[in-house]
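Asker: Residue-level listing of the chains:
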Amino acid sequence: MADAQFGSAAPLPQGGIDDVELYHPHSWLTKYVFSQDAKIIAIQYSMTAMAIGLVALVLSWLVRLQLGFPGLVSFIGPKEYYQLITMHGMIMVIYLLTALFLGGFGNYLIPLMLGARDMVFPYVNMLSYWIYLLAVLVLVASFFAPGGPTGAGWTLYPPQAILSGTPGQEWGIVLMLLSLILFIIGFTMGGVNYVVTVLQARAPGMTLMRMPLTIWGIFTATILALLAFPALFVGAVMMLLDRLLGTSFFMPAIIEAGQRLRYGGGSPILFQHLFWFFGHPEVYIVALPAFGIVSDLISTHARKNIFGYRMMVWAIVAIGALSFVVWAHHMYVSGMNPYFGFFFATTTLVIAIPTAIKVYNWVLTLWRGDIHLTLPMLFAIAFIVTFLNGGLTGLFLGNVVVDVPLSDTMFVVAHFHMVMGVAPILVIFGGIYHWYPKVTGRMLDERLGQLHFWATFLGAYAIFFPMHYLGLMGVPRRYFDIEGLSFATPSVATLNAFVSVVAFLVGAAQIAFLFNLAHSLRHGAPAGGNPWRATTLEWQTPQTPPPHGNWGPALPVVYRWAYDYSVPGAAQDFIPQNQPDIRPDRSPGPVAAPA
Amino acid sequence: MALVLVLIALGSIAFHLLSPWWWTPIASNWGYIDSTLIITFWITGFVFTAIVLFVAYCLVRFRHAPGRRAAYEPENRRLEGWLTGLTALGVAALLAPGLFVWNQFVRVPQNASEIEIVAQQWRWAYRLPGADGRLGASDIRHVSDENPLGLDPQDAAARDDLVIDADLHLPLGRPVKVLLRSTDVVHNFYVPEFRAKMDIIPGMVTYFWFTPTRTGTFDALCNEVCGTNHYAMRGRVVVEGEAAYSSWLREQTTFANFAGGGERGRRVARREAPPVR
Amino acid sequence: MTLVLAYLAALAALSAPWLMRQRLGAKPWLETGSALDLPPEPARIPAARLGVTVLLAAIGLLFALLVAAYAMRVPRDAWQILPDPRLLWLTTALLVLASFALHAGRAAAERGGRDALLLWLAAAGTAILGFLVGQALAWRNLLALGAGPASGAGSAFFYLLTALHALHVGGGLVALGAVARRAAGAPGTETARLGVALCALYVDALLGIWLVLFGLLFRTPWSGWIYALCSPA
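Residue numbers (UniProt numbering), protein chains in the order written: chain A, 1 to 595; chain B, 1 to 277; chain C, 1 to 233.
Bound-form chain A, shown alone (with noise of 0.2 Å):
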């Protein structure tokens, strides 16, 4: 196609966009605000989800302060009660996580580990942010608009999201949908940008199996959002014509308060399938980029290659691809056709082969390793116990049978915050931790750290583990409240106090890591280029923090995969992706290493 004549388009160095076609920023303005840079673009998304997560922090303390210490404040009623679990389950799920991993982890990460200048389309990424802003904006609104947030749960089920029953009838459902709406078209931008800079955009030398398996997870969890959140979409656009044109794509025949409403015909549970055909594909669009950047800080930490690096490439794919055949696995007890649960049970229950690969390959790089346990370090090892406990669950959960009695109780709550709530938090901060120094040139404060990350870490287990035990009692979740159910004995109560004061210290201890965030920037320790002596490509830049266009003149050259640490007979315990191999008659294998 490159045709000579045409001189202005030659072809391409191959790994990415020449220093002429980059973007350059012409003010301030467009430097920090309207910026194009992938990495200013990664912490406006970053600081505006840890800002909005901020919030659903604050929600779930009120929660927690209704659960445990029922009627103890007058504000929290049950109309506010679900409108408290509701917003918080909601900001977590879709614009904290989602946000974070792919527009924060994503954005920066991407071009820095594959050795590109920027992503391949800047000015749709930076175009992707200003609607992720406004749709995070469009939620908060909510909070003010008459009648307040929606109310229905985060899982939004048709009929009631939209019925007078239900709080936030007026406003907030239909400011959720529309935020909802936004947010999947601010994604999409983001997400083709991350798909077409994996593909294109490596620099040379980097084959697909050289890459980090924080960007496969990165890439497979982007895949997986941009083929799952359409279903969100599609069901979001129907209910918000049901609320507001009155058609019926949710609703059946429904008398209310007596009366016999306009609807008729629809299908409630056609809402439960588009739902669950995005929801479960979401959980790995939150779990891939934890697994790989976990996968990364445990090799980097334990100076030791990741164990099994290609089992946990087909790993990830593999859990992308089946986490689109086990939606139905949230609707056991819908009253879809019964029979399905012999299928999702075995496709759910299959899906858990990868992921304990993923455990035990975690597992076997600490084995024999050069265990340096920094902070994020730490954060891993607590992912890891976290994730296993939040994974062993979902075992109960995914076989059919044993759902039926502990679903929609608080075994599932403690089971899906543990694994989809604290384990990726623990990602976010160990990764936060390790790639500071990048971001910032200075290191973030360690005594902060340990306090921050010891509150943490055992707290939440604290908090979530016991609760399963209150499922399997027969609590249910989304209750305002138990008082008069004959199970539920004074100790339940007791341990719900419990569960509510460890919550508040976890809460309490975040305000030392935001604290850490701000303080260290100024004082922290310089860092210097690559203080975890790496191998990745982000911590080989000429410049820290890396400039705009990441790489000065020239852009690197990869001669080896990721995890080159501890190779026998190398000088130093890694060798960086892009150094040349110095020593040609280097025989590597398995068995070259000295025991």
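Since the hints were made in silico from the structure, they are not lab data.
Backbone N, C-alpha and C define an ideal beta-carbon position, used for all residues, glycine too.
Partner residues are not named here, just some residues of chain A that face chain C (Cβ under 10 Å, in silico):
| id | residue |
| --- | --- |
| 1 | PHE229 |
| 2 | PHE233 |
| 3 | PHE250 |
| 4 | LEU274 |
| 5 | VAL325 |
Please arrange chains B and C on chain A, whose structure you already have, making use of the hints.
Answerer: Same frame as chain A, now just chains B and C:
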């Protein structure tokens, strides 16, 4: 850190064994569900403890010390193959009993008697078949103050159905197929002691079955979020012996009497009016 | 949802050959050295084309989900009962015309003819605009017949599907405008040619989606196919 991990593993087991929070004593035939759950606890508990303790061991044994260097081991196909195989085996050991029990769960026995539970925000109502032993037709079109369950007044099979507005009574040891209907939003009828439950979807009839195996009075709760008063949507199920059940049954009102405008019918109908929001 | 899974399976099948070429079985720790001794990557397609393709895959899934929702929601006896849509045949023709014009424009761009290219782009833009106006008129006709969105599942889906499709077409029109402006400014460049080619690809895809939707909502010669595709759902 290693010490903490050991404490977590042992503490979790201790908590599991010693804590006072455990399932309610079962009152239905679904002891199989409990057994499957116990199998799951054994397998997952073993895996959890083993892996956490192994990590703790690694942390002690391979902690960084000056001069220490990690081994170089990109992969070990045999080990990975073994672990994959073992995991698959464990998963199969979980799945097989699960599917076996599920197969029973979805097959309603021939001799199960049908009852109907009708949910609306935020209360329960029940219907039992009349003398003809079957439930008559119903449709949301027929719902009115006089006819809160929307039974078809033209259907003879419906006219003798018993409409129950208070606690539901069930006879001990007789399988029941519970038909579930909702007139407004999604609900779920859950009695923890029975283990079984199912969502109630407006616009369709869902079902599940069980056999009560223990007399007593049990709390029923709505277990699918259904609006502001979801948490207050409670009911009660009384399981009793044949004699007590029959005498209770004789006191119930048929739909014909209920809707026919008798004083009792009106009184009940007024109580059926949904709570003021 | 069978349809959706089939769509995903098709996507997987399409990307499988590419994935196979990535040597996922390689042992990267044994392959130290520059990439030069690795097999060369197959010819790179332009990033923009890949981006549009990925976007279209997601858009395709969006509409596959909508079709699946239609199959689950609309009772069989209520399929394709909307009034005869003669106007929609006209709009379909306009969209075909737009696709044709864009392909002609692409050929013109290959030859480097600026005026011919702009002419074809203008023709395509007009045809797309005509399509959108026609769809709006179809809405008006149906509303005048009293078949508003709340009147039944079939008509509700008609408004939903046509509106979402029209939004995507409208997005394409905006992109076409940008491409035309760039082509007018710098005709004959690689960027201009690529832009026109991508517009053609995008409109082709939306034309394909429209044909499916048309056949789903109304009685067309190819409705039987779509009916068969959806029936296991």
